[in-house]
Amino acid sequence: MKYRILVLAALALATQPAVAQNKRPAAKPPAAKAVQVPAAEVKDAATLEFEKFRAEMEDSNPAELFEMKGEEQWKSKRGPKNVALAESCDLGLGVGKIEGAYVRMPRYFADADAVMDAERRIVWCMVEKQGFKFDDIAKQPFANETFTPDITNLVTYVAGHSRNMKLDVPLKDPKVHEAYEIGKEIAAYRAGPYDFSCNTCHGSDGKRIRMQNLPNLSTPTGAMGGVQGWPGYRMTGGIMLTHQWRMGDCFRQQRFPQPKYASDAVSYLLTYMIGNANGQVYKGPGIKR
Amino acid sequence: MTKKILLAVLAAPLLTAALPAAADADYRAKAVATLKKDFQPRGQASLDRLAEDGLQTVCNRTGNKPPEYLAKQMEADQLAGVKYPADGKLMGDWREGEKLAQSGRGFTWTDNPGLPVGGNCYNCHQIAPKETSFGTVGPSLYQFGKLRGNSPDMQKYAYSKIWNSKAYNLCSEMPRFGHVGALGEKQIKDLVALLLDPESPVNK
Numbered sequence: 001m002k003y004r005i006l007v008l009a010a011l012a013l014a015t016q017p018a019v020a021q022n023k024r025p026a027a028k029p030p031a032a033k034a035v036q037v038p039a040a041e042v043k044d045a046a047t048l049e050f051e052k053f054r055a056e057m058e059d060s061n062p063a064e065l066f067e068m069k070g071e072e073q074w075k076s077k078r079g080p081k082n083v084a085l086a087e088s089c090d091l092g093l094g095v096g097k098i099e100g101a102y103v104r105m106p107r108y109f110a111d112a113d114a115v116m117d118a119e120r121r122i123v124w125c126m127v128e129k130q131g132f133k134f135d136d137i138a139k140q141p142f143a144n145e146t147f148t149p150d151i152t153n154l155v156t157y158v159a160g161h162s163r164n165m166k167l168d169v170p171l172k173d174p175k176v177h178e179a180y181e182i183g184k185e186i187a188a189y190r191a192g193p194y195d196f197s198c199n200t201c202h203g204s205d206g207k208r209i210r211m212q213n214l215p216n217l218s219t220p221t222g223a224m225g226g227v228q229g230w231p232g233y234r235m236t237g238g239i240m241l242t243h244q245w246r247m248g249d250c251f252r253q254q255r256f257p258q259p260k261y262a263s264d265a266v267s268y269l270l271t272y273m274i275g276n277a278n279g280q281v282y283k284g285p286g287i288k289r
Numbered sequence: 001m002t003k004k005i006l007l008a009v010l011a012a013p014l015l016t017a018a019l020p021a022a023a024d025a026d027y028r029a030k031a032v033a034t035l036k037k038d039f040q041p042r043g044q045a046s047l048d049r050l051a052e053d054g055l056q057t058v059c060n061r062t063g064n065k066p067p068e069y070l071a072k073q074m075e076a077d078q079l080a081g082v083k084y085p086a087d088g089k090l091m092g093d094w095r096e097g098e099k100l101a102q103s104g105r106g107f108t109w110t111d112n113p114g115l116p117v118g119g120n121c122y123n124c125h126q127i128a129p130k131e132t133s134f135g136t137v138g139p140s141l142y143q144f145g146k147l148r149g150n151s152p153d154m155q156k157y158a159y160s161k162i163w164n165s166k167a168y169n170l171c172s173e174m175p176r177f178g179h180v181g182a183l184g185e186k187q188i189k190d191l192v193a194l195l196l197d198p199e200s201p202v203n204k
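In order, the protein sequence lines correspond to chains A and B.
Per the working numbering, the first sequence starts with residue 1, numbered consecutively.
Per the working numbering, the second sequence starts with residue 1, numbered consecutively.
Worth double-checking, as some hints may not be accurate.
[As the list claims (entries may be wrong)] Calculated pairs, DMTMM-like style, for lysine to aspartate or glutamate (alpha carbon to alpha carbon, straight line, at most 25 Å):
1) B/K36 x A/E49
2) B/K65 x B/D87
3) B/K30 x A/D113
4) A/K139 x B/D48
5) B/K204 x B/D153
6) A/K77 x A/D90
7) A/K129 x A/D113
8) B/K130 x A/E49
9) B/K30 x A/D111
10) B/K36 x A/D249
11) A/K260 x B/D26
[Said to hold, decoys possible] A few chain B residues facing chain A, derived, Cβ under 7 Å:
12) T34
13) F39
14) E52
Simulated from the structure, these hints should not be mistaken for lab results.
Note that CB positions come from ideal geometry on N, CA and C, so glycine has one too.
Whole structure, please, built from the sequences with the hints as guidance.
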């Protein structure tokens, strides 16, 4: 445990320059040459550097720290009802079963009569089974530099138990199919002061905003680019963030108002996105720049 | 005004009749209902941002491929709304334009609504050669003036494109900066200079 934290600290320090570089590679390139370099090459230099780094980090993935905390929280009796999620929460494969559950969500849960992504389902269990108040969880659902919510640990733990498994969102289920189709429409919906939709930035291949690659969410590999790595450990800030957070932050960039935490809108969008990535292998909680 | 209303009235049934919906209307309606139910205002991002204006409606309902006749008419309407400087000068200071092009500030729920917004241009375009951190959602604008000249017509085109990109391409992915009040006259002039001034690094 101690050792891991040390590794993490070293890691955070080690990455600082890389992060800065990725934002603005080659601070002062020779002017003329910069233009001749095709955009794709510039992008790849930054990406390759990070890929290399990520590969080196494979056997001491910072996400494991959060998985360990999540495991403890999953297994211990907690909340006003003093119940463990391990003995009460059904993620779709039976009470307490987490092996492969993450890659089979979003799915339809009859007890809640809703299509839910993993994070939302765990929140549902915390509320319905353990007696936590939804509003308390929703008050600060995402991590910041000084605080990691339990739900983040829990979802990271559950995601970790789908490592190297194929995504298999049950799209043939009519309720899930409907959620997928609505999610697809949400992704295409342009509004707001800048007329943006998700597809403005994520609707075709090989696009970037500044130096950040934009996955094309409508293709299997593109969608996988939007799925792999979440929940993800952010080097910048050293915090663990979830897929729900990513959706919210993209709506922010879209100049939209904020999606309510664990709402249908986000579950539908995730159903569309993760459903598009069906068949791809999920490598587990990841590292982000 | 009456002409607009008439057009809207005429266009509505035409739209539904002539446009085999690019997507299933039922799912779209459910998507809109879901958005309205599941969002909350935050900072300056109020819920009215979820409502479509006429142009957004047409683009949303046609999968961004409106029929030619409708696109032409609506592009002309967008162009008619462009406000040009009273003194007729369309080129400002490219240095100011470069600063503006760099800034990605504005309109998000974390932005302070009291501060002026940026142009966001580098988010999507290559512009001056020194800046290598540029996006590729839009085409490269490097050497824009060198390649296209800076005649009064070109100036007018650049100015009105930035004021309202939809005047030339109804469902463009580029925001309508002047139209929505993000950028004002002076700022757009500075951006025109960045693109067209022979002294601008864009054209060196």
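Going through the hints against the structure:
no., hint, verdict
1, B/K36 x A/E49, "42 Å, violated"
2, B/K65 x B/D87, "37 Å, violated"
3, B/K30 x A/D113, "17 Å, holds"
4, A/K139 x B/D48, "23 Å, holds"
5, B/K204 x B/D153, "21 Å, holds"
6, A/K77 x A/D90, "16 Å, holds"
7, A/K129 x A/D113, "16 Å, holds"
8, B/K130 x A/E49, "22 Å, holds"
9, B/K30 x A/D111, "22 Å, holds"
10, B/K36 x A/D249, "18 Å, holds"
11, A/K260 x B/D26, "23 Å, holds"
12, T34, "5 Å, holds"
13, F39, "5 Å, holds"
14, E52, "5 Å, holds"
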